[in-house]
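Student: Model the full structure from these sequences, guided by the hints.
Protein sequence lines correspond, in order, to chains P and D.
Heads up: the first sequence begins at 0 in numbering that gives the first Met the number 0, then just goes up one per residue.
Heads up: the second sequence begins at 0 in numbering that gives the first Met the number 0, then just goes up one per residue.
If you are wondering where the hints come from, they were derived from the structure by calculation, not from laboratory data.
Computed from a predicted model, the values in this text were never measured in an experiment.
Worth double-checking, as some hints may not be accurate.
[To be verified] In silico contact screen, one side only, chain D against chain P (beta carbon under 8 Å); selected entries: (1) Leu9; (2) Ala109; (3) Ser126; (4) Gly187.
[Said to hold, decoys possible] Now the stretches of chain D that chain P is said to cover, found in silico as 3 or more residues with beta-carbon under 8 Å: (5) 2-8; (6) 46-54; (7) 92-98.
Note that beta-carbon positions come from the ideal geometry of N, C-alpha and C, so glycine has one too.
Number of protein chains: 2
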Amino acid sequence: MPKRIGRYTLRLENSPAILSYAAVAGKKEGLGPLGYEFDKIYEDTTAGESSWEKAESLMLRDALSRAIEKSGYTPGSINYVFAGDLLNQGIASTYGLRDLGIPFFGLYGACSNMSLSMTLASVYVESGAASLAACATSSHFCAAERQFRFPLEYGGQRTPTAQWTVTGAGALVLAEDGPGPFITRTTGGRIVDKGVRDMTNMGAAMAPAAADTIKNFFDDTGASPNDYDMILTGDLGLVGSRLLNELLKQEKLDIGERHRDCGILIFDCENQDVESGGSGCGCSAGVLCTHILNLLRDGGLSKILFCATGALMSPTSSQQGDSIPCIAHLVEICANRPQ
Amino acid sequence: MPKRIGRYTLRLENSPAILSYAAVAGKKEGLGPLGYEFDKIYEDTTAGESSWEKAESLMLRDALSRAIEKSGYTPGSINYVFAGDLLNQGIASTYGLRDLGIPFFGLYGACSNMSLSMTLASVYVESGAASLAACATSSHFCAAERQFRFPLEYGGQRTPTAQWTVTGAGALVLAEDGPGPFITRTTGGRIVDKGVRDMTNMGAAMAPAAADTIKNFFDDTGASPNDYDMILTGDLGLVGSRLLNELLKQEKLDIGERHRDCGILIFDCENQDVESGGSGCGCSAGVLCTHILNLLRDGGLSKILFCATGALMSPTSSQQGDSIPCIAHLVEICANRPQ
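Tutor: Rendered as structure tokens:
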């Protein structure tokens with residue numbers, strides 16, 4: 000059963016197992032350093048659909064369908080799917096999932112969706128409320144740009160702090176038992192808003208939320224960064240990652256050499272013209288559900304923290320002059336079930 | 000611990016208690032039949048804020064703050080708040096909650112948010128993952144109209160099937176123990192899309208989802224409509240309520256005289272010029288967190304089903320010609336803890 004540790008953290012004594020996972024992505028992500036690990040690369044931004052939003056729905060459904068297929072189960076066996084995305088009213092998820100008939104819990108945590116969904120689904124599996132629960136999320140560069148910033152046709156120049164929304168989707172299936180990896184602890188994020196108003200600097204806005212959650216995890220558990228092979232943040236990019244390290248050093252936490260960021264891992268930031276790195280729900284989901292879970296499964300990693308970060312503003316709130324509230328949810332993932 | 004019953008339903012053996020609740024609303028809702036039961040009526044649609052969206056945030060925070068205050072606890076004692084709303088990126092919730100410091104799980108179930116949040120929060124409390132969990136949601140007529148349909152200044156004529164988005168918010172606090180009422184079972188909804196494309200007829204779009212969830216609940220549990228004092232749907236309005244009754248009759252389920260709908264209860268539909276009734280997350284939350292929970296607390300009701308319904312489209316999906324996927328999540332609420 001879940002046990003509360005400290006103010007923010009749960010220990011999952013049964014350690015729900017990640018039974019299977021899958022991720023799909025677009026062409027640019029396919030050309031990145033992790034490209035060969037994706038289950039499928041869509042060469043065309045519309046994926047053959049009539050709009051970018053429909054393409055994103057298709058990718059989310061594709062990632063989830065592949066994850067379920069690899070689990071050896073059918074969609075009819077999955078008790079619940081926890082899913083959300085960046086599009087207004089979460090339409091990538093709702094249209095992507097509508098034909099599957101799986102009870103659906105819609106989430107919104109912006110780019111923190113992957114760890115948000117894993118946090119909730121793991122409590123469902125841990126407590127027996129679900130035998131099998133799925134998590135899924137997605138993002139699409141073209142759909143996100145026109146919704147949050149400018150129409151692509153406008154050709155606006157990007158700032159050096161901007162991040163490139165990943166086109167792609169990731170999904171996984173959690174079960175009571177399986178070969179793992181396993182989810183062993185979760186730390187729920189609080190909303191943190193340090194007054195950043197720049198819609199083209201998500202990393203700076205989100206870093207304080209990541210710092211808050213990571214600090215809360217270490218305070219609650221008494222663990223140390225040295226206990227982990229990797230502390231993986233969602234998509235802070237180059238700018239946000241530097242800030243996170245500085246903020247944590249002020250708290251006497253040095254995660255430096257163990258820190259990796261999905262927004263930096265997914266692209267070759269030097270050569271792929273993505274400014275500060277990748278972002279979007281599909282970024283952390285895509286990196287987790289390929290490279291990271293592969294390493295945990297194959298012995299390359301044994302214990303990590305996965306802390307996806309989200310910026311919770313909307314174009315409306317930004318136009319009304321408000322700053323950007325952010326959040327980060329953290330899950331601890333172990334290759335082996337703790338004894 | 001939660002026990003799975005059938006395909007879609009959970010029995011909560013510890014029956015989380017609704018420790019406290021509160022709701023606030025706008026002037027028009029205050030003039031409706033339940034107006035005197037709200038904790039506060041805001042006479043001005045901006046509630047003194049500089050925009051309708053900010054007013055909605057303020058109302059959500061006000062409802063939650065009042066619910067927490069009545070619980071005898073402080074925001075710092077609440078383990079998690081499960082919240083969402085209709086605005087793009089859930090900004091009523093994220094801006095409303097950002098100063099409270101409570102770990103936040105963002106949801107999107109459109110107008111089903113209240114029962115969605117209660118479904119998830121009750122599993123957290125049932126399993127010990129939370130000692131105290133809060134649920135909150137809101138909507139605002141002016142903010143919703145300009146986001147989903149037309150600018151108010153346009154003065155578009157409303158169709159007879161249209162529903163009036165409620166301005167208001169509701170919130171409650173769940174605890175392991177308390178005087179009740181109690182949440183005893185939950186049924187997670189599937190996405191149902193029968194092809195309705197009319198953005199001004201949410202009732203017709205949502206009724207099949209409500210019918211699906213209600214039928215699943217009765218199939219899973221073997222219960223009968225006669226076991227309940229009231230079967231309360233979210234906000235189907237006059238049009239959707241008629242359809243729900245017809246759809247369930249085809250399934251040999253007669254909920255007729257026990258059925259009530261929050262969209263019909265909150266307004267005087269004959270005289271308040273709301274066409275088919277009320278809608279919006281604030282509708283079912285407002286009716287539940289005033290009249291219904293008052294009746295359960297004071298002996299006027301002993302056992303009900305609360306099934307809030309949501310339409311999961313966006314203006315973008317509608318403009319792209321797609322139909323409206325819908326969902327309904329159901330919670331069983333009892334005045335007394337079952338023996």
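Student: Compare the structure with each hint and give your call.
Tutor: A quick look at each hint next to the structure:
1. Leu9: Hint on Leu9/D: holds, closest Cβ of chain P at ~6 Å, below 8 Å.
2. Ala109: 7 Å, holds
3. Ser126: With a closest approach of 3 Å, the Ser126/D hint holds.
4. Gly187: 3 Å, holds
5. 2-8: holds (count 3)
6. 46-54: holds (count 4)
7. 92-98: With 4 residues closer than 8 Å to chain P, the region 92-98 of chain D meets the three-residue bar; holds.
Consistency with the previously given hints is maintained throughout, with no hint failing.
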